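Chemist: Note that my numbering has the sequence shown beginning at 204, numbered continuously upward.
Honestly, the hints are just simulated from the structure, not real lab data.
Be aware that a few hints might be false.
Okay, derived cross-link-like pairs now, SDA-like style, lysine to any residue, Cα gap no bigger than 20 Å in a straight line [said to hold, decoys possible]: (1) K221 / M204; (2) K221 / V205; (3) K221 / P274.
Ranges of calculated distance between the beta carbons of each label pair, as one might list FRET restraints [said to hold, decoys possible]: (4) R281 / L232: 27 to 37 Å; (5) L231 / V205: 17 to 27 Å; (6) A235 / A208: 14 to 24 Å; (7) P240 / V285: 17 to 27 Å; (8) V205 / G241: 28 to 38 Å; (9) N207 / G248: 14 to 24 Å.
If you're wondering where the values come from, they're calculated on a predicted model, not measured in any experiment.
For every residue, glycine included, the Cβ atom is placed at its ideal position computed from N, Cα and C.
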Amino acid sequence: MVENALLGGRVRFLQPAKGYRAGMDAALLAAACDAAPGERVIEAGCGAGAVLMQIAARRPGVALTGLERDPAMAALARRNAVLN
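Please work from the sequences and hints to get the whole structure.
Modeler: What follows is the structure in structure tokens.
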């Protein structure tokens, strides 16, 4: 497990040291989200939650839900939500 930071350190998240690693693609996807306060964003296949954590940092007041079928990654996404 490694800890990474995005958005100049505003978002910290844990992800596995091997396998898929969130990076620029997650940052670009989060930046494309124009949800307004009171709206809801649902990410299917959220993995460790890097996209959702960045949306939360950039779009306060937006309700976020992540869906992940891998129980270990879903648990990691919940843990990352607590970190942020």
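Chemist: When the hints from earlier in the document are held up against this structure, which numbers fail?
Modeler: 4
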